[in-house]
Amino acid sequence: MTTGLTGTDLLALSPFITLTGVILVLMMAIAFARHLGLTCLIAALGLLVTLANILWVAIFVDPQLVTPLIIVDPYALLFSGLIVIASFFICLLAYNYHQQRGGHQEEFTLLLLLATLGGVTLAHSAHFGSFILGLELLGISLYAMISYPTQGLLSLEAALKYLILSGVSSAFILFGIAFLFATTGTLSFAEMADANINPTAVQGGVQGGVQGSVQGSESLRLYMLIGGSMILAGVGFKLSLVPFHMWTPDVYEGAPAPTTAFLATVSKGGIFAVLLRFFVSVDGYQYQTILDGLFWVALLSIFLGNLLAVMQSNIKRLLAYSSIAHLGYLMVAFLAAAEIGGRQLAIEASLVFLIAYFTTTVGAFGVVCIMSRKLAARDTDQLPDYEGLFWNRPLLAAFFAAMLLSLAGIPLTLGFIGKFYIFAVAVDSELWALLVAVIIGSAIGLFYYLRVIFTMTKRSSVTEGIAIPKAGGWSLVAVTLILIGLGVYPAPVIEWVSAIARTIS
Amino acid sequence: MLEYGLFYIAATVALISSLLAITRYNVSHALIYLIVSLLASAVIFYVLGAPFAAALEVLIYAGAIMVLFVFVIMMLNLGATGDVQAHLLLRPRMWLFPALLCLVLFAEIVYVLLSSERLLSGMVVTPKTVGIALFGPWVLAVEIASMLLLAGLVGAYHLGRRYLKDSREGATSSPEAAP
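Residue numbers (this note's numbering), protein chains in the order written: chain A, -17 to 487; chain B, 2 to 180.
Some hints could be false.
Stated by the list, open to error - Derived DEER-like restraints, expressed as beta-carbon distance ranges:
#1 B:S147 / A:D410: 23 to 29 angstroms
#2 B:T24 / A:A34: 39 to 45 angstroms
#3 B:F72 / A:L27: 50 to 56 angstroms
#4 B:F72 / A:Q326: 52 to 58 angstroms
#5 B:I66 / A:V150: 15 to 21 angstroms
#6 B:A12 / A:L30: 49 to 55 angstroms
#7 B:S147 / A:F14: 33 to 39 angstroms
#8 A:A34 / B:F72: 41 to 47 angstroms
#9 A:E321 / B:A12: 26 to 32 angstroms
#10 A:P225 / B:S147: 45 to 51 angstroms
#11 B:A108 / A:L156: 47 to 53 angstroms
Hints were generated in silico from the structure; no laboratory data involved.
Where a beta carbon is used, it is the ideal one built from N, C-alpha and C, also for glycine.
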């Protein structure tokens, strides 16, 4: 075990090495010449190189475990690819967002890359050590990114809320991990799965009446249950699922728009990746109590998220509540994986849904980024600020409308494919209550997404003089093309994701 | 059996001081109890056979907290009120109980060191083992942790800088900030 890294290990790790190299180059570049354009150019190119590297590893390097900490397999590479693409677009949007703000805006890009590295680490983690490190790398970069701008106290308030709640949730996760470690004596997911098999074998014997030997394994199961629940509570905070969602609207509102886009996509995607991997490899689905809890979490997330979104007049808060609801939909797919038979389809569904969610969320917050380029106390996020956008900036309004329709799950967009998958797995696994919740939630969702679109069609001069910058504009074009292109012709992605789901389930 | 006793004594001290740390109204008292709590966990590490982790706990946590404490007092620059605070801190009522808890821990450590038989339970983890683990299977964790520190450093630098700039340009930026 104490052997160092071999050549193949280094090849498998090359996306990490590239990304870290880009971070170091960027740091030196900032140290020598502060230039926002140059910084963002290096970061964007670096992210593209990392993406190419991930593709290369996915094609040419066999899946393997590199040290006990990092696993390199198609599932992890899919997630890190998604994360890197999202960061690439957010980097371009952040460039435009910061352009007119003056001051030292270069560190934002550096923090963005560091947080991306955290997300990639999460996607690749096969061990609680790398899980916690990735989580904290993501979290610490995000604290600074949320409180980054020089635009009043709102962002500081948001950062403080995120700092405290994220700290509490990390503490919950660590406590839960301690329980699991005390029970199984290992931190690696694979070894924990081995240790977890024995209690189930004995569990069958409980009915048989083998009381004496069962006593120990029963308490073992209890410890696993406590630990698992604590980890889920902590992860629920980070994913902003309902009983733990309080921070979401405030933080989304206070954070600068590019950070919000990042927080909503990379942070949640990375954590979901590790949650799903952990649950599938350890078979957390055997604990009925946890499934019952997650059922209520999903149901409440869908209902509360959608209902509270109806009352918002602030785009960022609206998107925050809508993301709570979307994570609720995602948990439906997560729960559907409980049955061994439906697991592959459920994993496929959650991956497709996440791809749709990433694309749509980056696009929607991208529009907010472009609208909020002026240096002001807060971002342009009030609903009336968007009046007349269809008449004054038809293209931007069309992009935004496409994103909102995709969030609502209208056909021809990627969002429809994602939601269709959620329906399909809910039917497949016979989760009828959740299916009804998803349908009602989508109906409510349609109402508030359309309200935003109607606001944009009002005749008004509020939105005159909004300039569409090049970098952000083209990235929105690209995101919209992906959204509609894959919405119309999703077959290649579905085939690819399906193959990946087969490897993990 | 004895090592369990040692563990439970240290654990009780840790629990009491942690509870007091989160219930004290005065920040300085809370910090003192926090230090006691950290020292108690260091003793637990030592009794469990990890002297290196125990040393790090004392050096980094207890030491760093101490330094942080002093820094905050210095930076707040309380002046006359600070002197009053300092005098209040020096009253026996304030330090007697933490000192008592520390004394328990100290007695425990002295007892462990003086007793001839091996009281430490479990496998003893030497600094060499820690080093080999860090450069063996955990080498990637070390690398990621270094990036974590970089993120903290960059973030702290940026936020600290901005604070100064704001206070200078406060007159121009604050009317905008207030809606």
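Hint-by-hint comparison with the structure:
A beta carbon spacing of about 45 angstroms between B:S147 and A:D410 contradicts the range 23 to 29 angstroms that was offered as a hint. Our hint of 39 to 45 angstroms for B:T24 and A:A34 is violated, since their Cβ atoms are close to 55 angstroms apart. Between B:F72 and A:L27 the CB atoms are about 41 angstroms apart, so this pair departs from the stated range of 50 to 56 angstroms. A hinted range of 52 to 58 angstroms for the beta carbons of B:F72 and A:Q326 is consistent with their spacing of about 55 angstroms.
Our hint of 15 to 21 angstroms for B:I66 and A:V150 holds, since their Cβ atoms are close to 20 angstroms apart. Between B:A12 and A:L30 the CB atoms are about 53 angstroms apart, so this pair conforms to the stated range of 49 to 55 angstroms. Separated by about 21 angstroms at the C-beta atoms, B:S147 and A:F14 break the suggested range of 33 to 39 angstroms. Here the CB-CB span from A:A34 to B:F72 is close to 46 angstroms, well matched to the stated 41 to 47 angstroms.
Checked against the hint of 26 to 32 angstroms, the pair A:E321 and B:A12 fails, with Cβ atoms roughly 43 angstroms apart. Judged by the Cβ atoms, the range 45 to 51 angstroms given for A:P225 and B:S147 is violated: they are separated by roughly 36 angstroms. Distance hint for B:A108 and A:L156: a CB-CB separation of about 31 angstroms, inconsistent with the stated range 47 to 53 angstroms.
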